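Given chain A, work out where chain B should sit, using these hints.
The listed protein sequences derive, respectively, from chains A and B.
Quick note on this note's numbering: the first sequence kicks off at 1 and runs consecutively.
Quick note on this note's numbering: the second sequence kicks off at 1 and runs consecutively.
The list that follows gives simulated cross-link-like pairs (lysine-lysine, BS3-like), each with its CA atoms no further than 27 Å apart:
#1 B:K109 - B:K326
#2 A:K249 - A:K262
#3 A:K249 - B:K85
#4 B:K263 - B:K351
#5 A:K262 - B:K85
No wet-lab data here; the hints were simulated from the structure.
Model, not experiment: these values are computed from the prediction.
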Amino acid sequence: MGDYPSRSANSEAGGSGVTARHGGTAGSDVSPISPASPSPFGGGGGLPKRARFSTENGFRGLSRAAGAMVLVIIVAIAIFLISKAVPALRANTENFFTYEKWFPNEAKPNFGIAALAFGTVLSSVIALIVAVPIALGIALFLSHYAPRRLATPLGFTIDLLAAVPSVVFGLWGRDVFLNPVRDFSVWLNHYFGWLPLFGGDGPFGRSILLGSLVLAIMVLPIVTSLSREVFRQTPTMNEEAALALGATKWEMIRMSVLPYGKAGVIAAVMLGLGRALGETIALALTLGSVFAISFNIIQNGGNSIAANIANTFGEANATGRGALIASGLLLFGITLVVNMAARAIIYRRREFRDSAA
Amino acid sequence: MSVLERETDGVIMTPQNIRTRRLPLVVNVIVAVVAIGLAAAVVFGFGIGNWVLVAVLGLVFYLVGLLIVAGRVEGGRAARDRMWKALIYTACILAVLPLASVVWTLVSKGTQRLDANFFSSSMNNIGARDPNGGAYHAIVGTVEQVGIATLLAVPLGVLGAIYLVEYGRGRFALTVRFFVDVMTGIPSIVAGLFILAFWVLIVSPWFNNGQPRYSGFAAALALTVLMLPTIVRSTEEMLRLVPGPLREGSYALGVPQWKTIVKIVLPTALPGIVTGIMLAVARAAGETAPVLLVAGGAAAINFDPFAGNQSSLSLFVFQQAGDASKYAPARAWTAAMTLVALVLILTIAAKLLARRNALTR
Numbered sequence: 001m002g003d004y005p006s007r008s009a010n011s012e013a014g015g016s017g018v019t020a021r022h023g024g025t026a027g028s029d030v031s032p033i034s035p036a037s038p039s040p041f042g043g044g045g046g047l048p049k050r051a052r053f054s055t056e057n058g059f060r061g062l063s064r065a066a067g068a069m070v071l072v073i074i075v076a077i078a079i080f081l082i083s084k085a086v087p088a089l090r091a092n093t094e095n096f097f098t099y100e101k102w103f104p105n106e107a108k109p110n111f112g113i114a115a116l117a118f119g120t121v122l123s124s125v126i127a128l129i130v131a132v133p134i135a136l137g138i139a140l141f142l143s144h145y146a147p148r149r150l151a152t153p154l155g156f157t158i159d160l161l162a163a164v165p166s167v168v169f170g171l172w173g174r175d176v177f178l179n180p181v182r183d184f185s186v187w188l189n190h191y192f193g194w195l196p197l198f199g200g201d202g203p204f205g206r207s208i209l210l211g212s213l214v215l216a217i218m219v220l221p222i223v224t225s226l227s228r229e230v231f232r233q234t235p236t237m238n239e240e241a242a243l244a245l246g247a248t249k250w251e252m253i254r255m256s257v258l259p260y261g262k263a264g265v266i267a268a269v270m271l272g273l274g275r276a277l278g279e280t281i282a283l284a285l286t287l288g289s290v291f292a293i294s295f296n297i298i299q300n301g302g303n304s305i306a307a308n309i310a311n312t313f314g315e316a317n318a319t320g321r322g323a324l325i326a327s328g329l330l331l332f333g334i335t336l337v338v339n340m341a342a343r344a345i346i347y348r349r350r351e352f353r354d355s356a357a
Numbered sequence: 001m002s003v004l005e006r007e008t009d010g011v012i013m014t015p016q017n018i019r020t021r022r023l024p025l026v027v028n029v030i031v032a033v034v035a036i037g038l039a040a041a042v043v044f045g046f047g048i049g050n051w052v053l054v055a056v057l058g059l060v061f062y063l064v065g066l067l068i069v070a071g072r073v074e075g076g077r078a079a080r081d082r083m084w085k086a087l088i089y090t091a092c093i094l095a096v097l098p099l100a101s102v103v104w105t106l107v108s109k110g111t112q113r114l115d116a117n118f119f120s121s122s123m124n125n126i127g128a129r130d131p132n133g134g135a136y137h138a139i140v141g142t143v144e145q146v147g148i149a150t151l152l153a154v155p156l157g158v159l160g161a162i163y164l165v166e167y168g169r170g171r172f173a174l175t176v177r178f179f180v181d182v183m184t185g186i187p188s189i190v191a192g193l194f195i196l197a198f199w200v201l202i203v204s205p206w207f208n209n210g211q212p213r214y215s216g217f218a219a220a221l222a223l224t225v226l227m228l229p230t231i232v233r234s235t236e237e238m239l240r241l242v243p244g245p246l247r248e249g250s251y252a253l254g255v256p257q258w259k260t261i262v263k264i265v266l267p268t269a270l271p272g273i274v275t276g277i278m279l280a281v282a283r284a285a286g287e288t289a290p291v292l293l294v295a296g297g298a299a300a301i302n303f304d305p306f307a308g309n310q311s312s313l314s315l316f317v318f319q320q321a322g323d324a325s326k327y328a329p330a331r332a333w334t335a336a337m338t339l340v341a342l343v344l345i346l347t348i349a350a351k352l353l354a355r356r357n358a359l360t361r
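Pulled out of the complex, with its shape left as it was, chain A reads as follows (with noise of 0.2 Å):
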């Protein structure tokens, strides 16, 4: 072994070659058809000419458009979006974003985000409060306490987890999860009813607090496995180091992959937060669909940017799909933001780029 032994991804990869320049292009510095600029001594005079119309040129034009593609769709997702959003949001009578209400379809148009927006952050939230402990605590159990016979079987059914489409568990938490919430939402008000939050008379249930908890069972795989990836990767020196100085297994923990993985864990909850806010389907199955801003979490009611999409768009007309595109495209800009900070964080540190799905 080396000085560093490091236990980064990338460091048991294929050959000798490839680990070197793994941030770079692979095989670049070899690449055959592109000598830089002709020897002037001419010892490639063997060598055929480069032409302009080659099938290398035309490969590398079409990959090289391919990635672009990309981009262009990010793009072309803000501009469809702002042309459909305009016209609608002309029509609006009130104020979009102070305005509750979400009557498009009426004659004279009135419609805002407040409400919605609100529910929205509310419950990403909540959710991602109940999940990132947990999906903490799996993830350190996952990369230091369990055995492996036991490690690999518990993160495959995780990442099973993450695979199974929101809409079952919108439907699960309809038809299953609201009975229990519901009684637990009657048991808070009834001993914690002094408090805001769990404050009402009911009806209970179909609330802000069922929707959280599904969103935070769909997030919790998300959080999970971006940071067993981060923990996994701490140094063994730096753990051993911690041992040998008689840490405990805790302090070792904490002293020395918790903060090696502090920016990975915190890009892991901005990617959850990014999911949470843009689920669509299970917030829609299980929110109360109530257009108000409201604290009380346990009471029917709450509502999201993107559970409301799916629940008027059935009856919306011209002027309700503009002001649904309009709550999408602030969505969109959301979700983008969030993400792209999410990104960054993890861009900073080489060895988590290259490893963070």
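Using the frame of chain A, we list chain B on its own:
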């Protein structure tokens, strides 16, 4: 006061004296039993809850008790270590519970309508009082939409990954790579709205006498937007794992770069690429929101993805979940089970394929 000063004359240095004292497992179990008993006594004594509260309160009592007892025997640091370990194990149990509940519900409720009729009939002319009706039209829709989306997304995604790994350098490639990652986080409903604004409301009227036309193809386009970044990312990862000497050997034989990529790099990475594609397909098959927005949903069988409304399995689940008929929940759960089975088979097959892959990290 150091250990040496504390040492008295009578002490003999045996292993028992040198090692720190450990909390016996029996004591641990006793603490747990006492905690649960105490919690039950408190909860049922005051009548403030049921067994769930007993479990929660019992856990809190157990952690506090462990902290005190282990603190007396092993010292504060070791006690905190034990407490955190217990908390981490609890987190795992908490996460497995909902999954178990989902699986149990899927199996118990999903088998109610698991019959041939469900897979061979549509919802055409099925009223609220009809117990039959099936998801054939939805399965057709899912297969066609996901199939078209795969046909569109795979070439684009693989070529994009080739650009990032083999050709791309400099600022532009970094930008593309960054936005591929950002794009994986775009909500599916936004992709649906994009195709609604772009294809259904602006492009499709050109072919349809000025009327917007919902279609399965539009849903496929939206799914393409969702699949593309996933495929680029997984393919890119696989291409980077292809050993450099393979490429260099090919170049040394005078093979042009594009031929090296097509004949050497891609075949080497193929199993991994297929794994990534299957995971992307599984994710796309479960998407509801885009299909709801741009395919419209339909009760009848429609084989033509380019004209007329289409349904899909996930949309079928959503619509049946919102249906007032007393037979709708059974249909919804059976469709959900079919969908989950489809997605899980794809996912598990992909993971098994990945395990057989020669290129591993």
